[in-house]
Structure formats: C-alpha cells, structure tokens
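Q: Assemble chain B onto chain A, guided by the hints.
One-letter residues, chain by chain:
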Amino acid sequence: MSVPLLSVNNLTMRFGGLTAVDSVSFDVHRDHITAVIGPNGAGKTTAFNCITGFYKPTDGQIVLTHADDSVFKLEEMEDFRISQTAKVARTFQNIRLFGGMTVLENLMIAQHNRLMRASLYTLAGIFNTPSYQRAQKIAKEKAEFWMDRVGITDRADDPAAALPYGAQRKLEIARAMCTDPVLLCLDEPAAGLNPRESEELNTLLRSIRDTNKVGILLIEHDMSVVMEISDHIIVLDYGRKISDGTATEVRNDPAVIKAYLGVVED
Amino acid sequence: MSQNDQSISKVLPILKRSVVATFIAFFLFLPTLGIKTAASGGVDGLFLQYRWPLLAIGCGLVFFGRIAYELMSSNKEGKQQKQAAPSALARALGSSKVAKAVAPLLLVFGLIFPFLPSSDRYILDLGILIITYVMLGWGLQIVVGLAGLLDLGYVAFYAVGAYSYALLSIHFGFGFWMCLPLAGLLAATWGVVLGFPVLRLRGDYLAIVTLAFGEIIRVVLLNWRSFTGGSNGLSSIPRPSFFGLPFNQEPGGFAATFGLEYSSLQRIIFLYFLILALAIFTYFVTGRLRRLPIGRAWEALREDEIACRSLGINTVNTKLSAFAIGAMFGGFAGSFFAAKQAFVSPESFNFMESATILAIVVLGGMSSQLGVVFSAIAMVGGVELLRQLQFLKVIFGADFDPSQLRLLLFGLAMVLMMLWRPRGLVSTRTPTVFLKDKKTVSAAMISQGRG
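Same order as they appear, the protein sequences are chains A and B.
Here our numbering is used: the first sequence runs in plain steps of one and ends on residue 266.
Here our numbering is used: the second sequence runs in plain steps of one and ends on residue 451.
The following block holds chain A by itself, in its conformation from the complex (with noise of 0.2 Å):
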C-alpha cells in the first residue's frame, strides 16, 4: 500500500498529571473512512483535538501527506494552518455554525482564504474589480454545489441557527467540504440523528469518499454508523490503542469485548 494520508506516531497528551492519550499509533489512508471509537473518556476528541491542532500534543509525531507527496508535520503547526495549507477540515461534537449567518454565507466563510486572496486582500474588493467578481462567483456555485450535495439548498438564505439539528449536521460537513480538504475529520457527525438521517449520513460520506477522493476520519458512538460504513476502525480505551482493524475484526476481538462489557447497545 502506497503511503498513508495521516500517520499518527506516539501520540501523547498529558494534562497535568492526566494521560489522556497514551503513546497511540495509527494510520488513515486514501479514499477510507477511518474510525476512532472507544468508550467515554477513551481520549477520542483530545486526539482529533491534536490532530487539528486545537491541542499541542506532549509528544509523537502527525505526519500527513498530500497525494503530491508533500508533507506536513500537523504537530507543528497552528489550528488555522493545518486547515488552510495542510487541508485538513473537521467538525464538532456540539455544532459550531455562525448562527446568525445564512447558510449561504457559512460555506462562503469556508471559502476565506481563496476570496481573499482573488480580493488581493480587500484592495481589489473594494472596487468590485472583474476578477474578484469571477472568484466570488465559483464560491458561490461551489458553495450551491455542496448545499445540492448534503440536500439543504432550499434553506439557502436562512439563518443557520434556525436549521433543523439534523440539517445543521449537514452544514457543518458542507462547510468543512468546501475548504477542499484532502482529511475531513467528524466528531462524532451521527450524534443525535434519527435512523433515517443517520442513514442519509452514511450515503453521505461514502459518496464524498468515493468521489471527492477524501480521506475521512470520524469518531463516533453511533454502531450502526461505524460498522456499517467503516474500512478501517481504531479502538481507544483509558487513552490506549487497544484494537486496530476492519469491522468484523474489530467485532471479534477480545480486548474490545472486555472494554465495552456492560455497555453494549442490544
């Protein structure tokens, strides 16, 4: 196999005397959808948190790699860094929209850096120049492209915080898809959906898998999400790696059995 998108070596996160992430090691490739599972308290979001460099890890070492074969130590870098030249987008456990903003102009958010650049950083805006006008209206095509796509176009100009959950869901995924992330990390994207959206999540995610050629790595408490649709799921527990592999390996093993004892869902 070529080499993997995101490689995590020795991920460690202390906080104070608290080991939340324990020398964890894994890795996320091309076109699979990787999930980070485990119980709560399993130091599943403080290693997405690492990963997007909302945490400095103690120590180990992130290296993703682009299909151009350049590399990035994430480790290294600052949150907005690893988004706008890593190109790793995410999303969040509790959504984190711009509520007052329209749908539209959430994804239009998402799209700053390129606007600003064909803006020439405001210069070229303020005259409304031809070539700021073409670059605002790709934005806004790709913008309607992905709000087509997760199927909430028709709450284009409404405010975010008046979606439905479901749809807020939706946009986040939307928001993130239009930075063109090469890694599209969700926390926990399934978190109170019914069975039908969950469903919708599933199609969802595979399609932008298989057709945008997007990494994805998701944690998730939502089994039939996870099994279903995972190529590759990682078990965390106390902080440690404790299973590595495909659903029905993962399913069997016993170290994950154990771990989740008592609190298997029917």
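Heads up, some of the hints might be wrong.
In silico SDA-like pairs for lysine to any residue, Cα to Cα no more than 20 Å straight-line [what the hints assert, rightly or not]: (1) B:K439 / A:A161; (2) B:K438 / A:A247; (3) A:K73 / A:D27; (4) A:K142 / B:R291; (5) A:K137 / B:K438; (6) A:K87 / A:H66; (7) A:K87 / A:A161; (8) B:K439 / A:T153; (9) A:K56 / B:E305; (10) A:K87 / B:N314; (11) B:K438 / A:E144; (12) B:K436 / A:Q133; (13) A:K140 / B:L435; (14) A:K56 / B:N314; (15) B:K436 / A:T153; (16) B:K436 / A:R134; (17) A:K258 / A:T248.
Keep in mind the hints are simulated off the structure, nothing from the lab.
A: Relative to the frame of chain A, chain B by itself:
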C-alpha cells in the same frame, strides 16, 4: 368570586413591585430632588431647602410609570409571538429595500441642509457635529458591531487623528488633504498597537483594557507638554482652504475670487460639505467591506472564533484588521475635528466621547448603517433639543432651567430604549450574499460577541 380572586392575585404583585420601585426611587430622589442647598446670602453660608412637592411628583411618576410598564409587559406576555416580531419601524429600517430608498433621501437632505433658510451658524455646527458622530459610529461599528469586540477606548483614535493633523500641519506645514491619509494611517497603526495585547482577551477584560488604552492616550497627551502642549493644547492649527483659497476677507480669499460677499458662514458651509463627503466615503467603504470576505470573517469571528480557526481563517490578522480599519475612520474624523476647531486639547477626548460613540452604535443596531444615522441624530441632536425646552418653565415656574434636566431626560430616554428595543433601532441583520431572496436575520439568532 373566583374571578375576583384572580384579578386580585394579578393586581397585588404589580402593586407590590410598584411600591418597591417607588421606595427605591424615594431614596434616590431624596438627595437629588428633595433637598437643595441654597446660599442664604448671610453669614450662615449654605442652608438646606426642602422641596417636598417635587419629590412627591418624582415618586408618583415612578409609581404610575411602573404600573403602566407592568400592564404593558403583561399584555405582551399573552402575545409572545407578537413580541418576537420586530416593530413596523424596525422592520422597515431593517429591510434593504427601504434602506435603499431612505439613504438617498437622507443624502439629498444632507446636501440641501446648509441652504435651508433655517440653517444658521448654530444649526450648521450641530449638523457638522452630528455627521462627525455618524462617521465615528460607522468606524466603531466595524469593531463592535461586526467583529463583536467591545471597544471602550475608541476616542483614543479620534485623538490620534486630531493630534496627527495638528502636529503635522504646525510643524511641517502639511495641508489638510495631505494630513488626512497620514492621520488615518497613524490611527490605524495605533489600532494595531492596541489590538496586539488584547488578542486573547474577551468580554469584560477586553472592555477594561480598551478603556485603559483610551485613558493612557489622553494622559500622555496631557503630560507630554513639549510635544502636545499639555492641557493648553495646540492652537493656531491652519484651517483647511478651498483648493488653496482661504476663507477670509483678503483679496485672494474664497469670497473675493468667486465675487461673493464675505461671510463667516462660508467656511462653516465648506466644513459641513467636507465632513459630509468624508462621511459618505466612510458609508461606502464600510458598507462595501461588510460584503467582502474580510467583513464576513469579522462577523464569523463574532459568531464563533473556534469555528473560524477550523476553517483556516487567521483570527489574529482578522481581529487586528478590524481594530486597524475601525481606528482609521476614527483618525479621519479626528483630523477633521482638528481642522474645524483649529485647536485641540486633551479635554475633547475624554471617556464621555467613547461612551457617546458606543451608545450611538448600540442604539442604532450593531450592523445597520442607517440605524447609526438615526441614533446619532437622536443622541447628539436630541441632547441639543433638550436645551430648548423652554416651555417647561410654564409648568415648573420661571426659575426652572430645563437645560439642567437635559441629561436626566436623556437617561430616561435610554432606559425606555432598553425596555423597548434592547438590541438597537435596527436589530436585524441583512445577509451579505444570497441565493434567491434576501431575508433579514432576526436579532435572536445573532450572537453579540463575547469579546
């Protein structure tokens, strides 16, 4: 029987709250309204004069005012939906169609205003003052309204602009149009200087530091005597001329060149159009900025900073640019202020100015340019209007001076405003880009910014 009980159970709490409010008001009014120190003229010096009727009137007003307010709000509770919907006026001002119609009307009025027969020197000066505040309001709106950064020291940039013009013109003989961009640039630089240390601060902490920054600038201006003239200020600042033609009675002056009879009003009219032009420039630039990526990023910053960073937006640069561009317009306005007065001193740049500009922005609505115009007229013009309330003498007697009640009435107006429209005259927000139709976003959705 039961109906009677019900009405009693409704009326009693209202009465109770009104009595409590009156009780509090009594103690507040006792030293301010009830007792007056008067000079006896004799050896005793001062003695206390008791004004019981006035105190009774004040307490009575509070009592019945509170009952009226309670009745109004209990009516509203029954119609929650109606309360949530913005009033007709706010809806009208908020809608972009009306704004498009009202803005040119205001502009035309602004253009013919100096030539109206009622416009004497006093009215024109007031007009200049109002437009200056409108411009300052638009500048501060970028920082407070769009980026959601509470800035209590905005007057510092106004001061930087004013002193930049004063010092550059006195020491280097630069003209107004040369100084204007330099003053804006210097103010923007100071905006960045303020921006850096407060990047990590939010809410109350940011407000305190910006407040301190405003004071620091004022105190430096006050104490750096060799440079700024200290409390004496800087006088004999060259006045701006009309394309090189000074406004004086000399043969080469404006009046003589155009064959007009000299009048001191000509210079005032010129200054009026100068600030009008600057304000129009500010209107277009700030209005345009809001619809550009940078403006959207400012608003996104107000809504959610962490989400901004997750989308690759450099929040440091975005914040600093908001401070710098907001400060730049403050600098322009300050430059005009120095040119108009031909005199600057630190006294003009105290905290009250910052508070007034902030009040204009808050009253106008955080993201409505038109709202700022109306609130500046109300705040600055209204306060002046209160000086003219001579008819109150008929009610309160000949020795009653209405101009003393100016700030009291002003405070009352602010309280009413907070009850009636806590999010400003125009609390809705117009989207910067739309797919099919432009719907305004209601205030309930919009985050006010924590910083």
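Q: Honestly, which of those hints from before does the structure not fit?
A: Violated: hints 2 and 7.
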